[in-house]
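So the chains spell out like this:
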Amino acid sequence: ETGVTQSPTHLIKTRGQQVTLRCSSQSGHNTVSWYQQALGQGPQFIFQYYREEENGRGNFPPRFSGLQFPNYSSELNVNALELDDSALYLCASTTSGTGGLGYTFGSGTRLTVV
Amino acid sequence: GQQVMQIPQYQHVQEGEDFTTYCNSSTTLSNIQWYKQRPGGHPVFLIQLVKSGEVKKQKRLTFQFGEAKKNSSLHITATQTTDVGTYFCGREDGGSQGNLIFGKGTKLSVKP
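Chains as they are written, first to last, in my numbering: chain D, 735 to 848; chain P, 6 to 117.
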């Protein structure tokens, strides 16, 4: 079974630009969550998608938006990038009724805003 | 949802010593999950605890869930250099398969 894959692995953007990050969930997983992890900090919950609908959102502004596709893959879009958006963006997938299997994380996209 | 509090923030041990990290919540938790993140890596799921007073073991790792379901601990016996990393606890906000909210983690370094 394949794990969670994210692309790209690294990205450099200029302040004010827009970025799209992509995530393919683990086979059999229908729920995808996105996290922002600043250096030395814990992952901060951005939002979660289940059956192509947003299923919860953390304390992030509307310029952070997402999509989930019928194959359960997902995108994270960030508009009007700010310097503080520089972080590791992690995608995690799981399935409803995990039975204690937790979330499977991808290796992340390292975004640098200059 | 409220963040869970983890202590200590950092722990430096000599190889062979034991290590414990604690996770505390002001509200009752439906479950608690533990993850390990190696330096430069991503979080990897270790275990989920659901029942009051639950104790689970994975080789040298022992996980406990408090009787009141407001705290949890991870204990590593006889640490090895491979245990290096940051250990996070996470609570599911809104019940099962809800949004996973992490603590700030405990960073463990092990001196050989």
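Source of the hints: derived by calculation from the structure; they are not laboratory data.
Even glycine gets a Cβ: it sits at the ideal position worked out from N, Cα and C.
Just so you know, not all the hints are guaranteed correct.
Claimed, not checked - For the chain D half of the interface with chain P, some residues (derived, Cβ under 8 Å), not all of them:
# : residue
1 : S767
2 : G790
3 : N793
4 : S799
5 : F803
6 : G840
7 : S841
Stated by the list, open to error - Listed next, the in silico SDA-like pairs over lysine to any residue satisfying Cα-Cα at most 25 Å (straight line):
#  : chain 1 : residue 1 : chain 2 : residue 2
8  : P       : K75       : P       : G45
9  : P       : K41       : P       : S57
10 : P       : K61       : D       : R797
11 : P       : K109      : P       : N76
12 : P       : K75       : P       : G46
13 : P       : K116      : P       : L51
14 : P       : K64       : P       : Q19
15 : P       : K75       : D       : Q778
16 : P       : K112      : D       : F798
17 : P       : K75       : D       : D819
18 : P       : K109      : D       : R785
19 : P       : K109      : D       : Q771
20 : P       : K112      : P       : F50
21 : P       : K41       : D       : N764
22 : P       : K112      : D       : D818
23 : P       : K74       : P       : P117
24 : P       : K109      : D       : Q752
25 : P       : K41       : D       : T739
26 : P       : K116      : P       : K75
27 : P       : K109      : D       : E787
28 : P       : K109      : D       : L822
29 : P       : K41       : D       : Q778
30 : P       : K41       : P       : T25
31 : P       : K109      : D       : V847
32 : P       : K112      : D       : G790
33 : P       : K56       : P       : G45
34 : P       : K116      : P       : N76
35 : P       : K74       : D       : G792
36 : P       : K75       : P       : T86
37 : P       : K41       : D       : D819
38 : P       : K41       : D       : R797
39 : P       : K112      : P       : E20
**Asked** Can you give the numbers of the hints that this structure goes against, from lowest to highest?
**Response** 3, 4, 5, 8, 10, 12, 16, 17, 18, 23, 24, 26, 27, 32, 33, 34, 36, 38
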